[in-house]
Amino acid sequence: RELLEWRRRQHMLARQKNYAEAQRIKKIADKLEDKERKSCENMSGGAFSRKDGQFRNQQQAELQALLKRIDARRKEHLKQRTLDSKRLLQRNRNVQAVLESKQAAESSATFMEIRKNLMQSTTQVAAR
95 RELLEWRRRQ HMLARQKNYA EAQRIKKIAD KLEDKERKSC ENMSGGAFSR KDGQFRNQQQ
155 AELQALLKRI DARRKEHLKQ RTLDSKRLLQ RNRNVQAVLE SKQAAESSAT FMEIRKNLMQ
215 STTQVAAR
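In this text, residue positions in the sequence shown follow the numbering used here: the first is 95, and each later residue adds one.
One or more hints might be untrue.
[What the hints assert, rightly or not] Just the calculated beta-carbon pair ranges, DEER-fashion:
1) K111 with G147: 48 to 58 Å
2) E194 with L160: 46 to 56 Å
3) F149 with D128: 25 to 35 Å
[Claimed, not checked] List of simulated lysine-lysine pairs, DSS-like, C-alpha gap at most 25 Å:
4) K173 with K162
5) K132 with K120
6) K196 with K210
7) K132 with K111
8) K132 with K121
Keep in mind that the hints were calculated from the coordinates and are not lab data. For each residue, glycine too, the CB sits at the ideal point set by N, CA and C.
Using the sequences and the hints given, assemble the complete structure.
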């Protein structure tokens, strides 16, 4: 308002051909305008900085939430992988134990068969 009033006086003095006084009023109005412009820039700059800070904080919070989710899923994946590995190792141990018992049984049966054959051979040789 004050600036508009100064500009109005400046134009009125210029119409009245009082150029020296109009020039003096113009300088006062220019200073007032600069002062108001700087004040507006500071206010808008502060608001912009505040909004920028809020935006950055929001993004940082979202990033932290995502990193937390990633970490939780990574731990869950590693836990599942460990569990699967233990199951597979136990399965392999069980299969190996079964195969070893079968091999032992077959080996024992084969040795028994060989002994039986040897016994028969020795009795036949002795009978001749």
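Hint check:
| no. | hint | in the structure |
| --- | --- | --- |
| 1 | K111 with G147: 48 to 58 Å | 54 Å, holds |
| 2 | E194 with L160: 46 to 56 Å | 50 Å, holds |
| 3 | F149 with D128: 25 to 35 Å | 31 Å, holds |
| 4 | K173 with K162 | 16 Å, holds |
| 5 | K132 with K120 | 18 Å, holds |
| 6 | K196 with K210 | 21 Å, holds |
| 7 | K132 with K111 | 32 Å, violated |
| 8 | K132 with K121 | 17 Å, holds |
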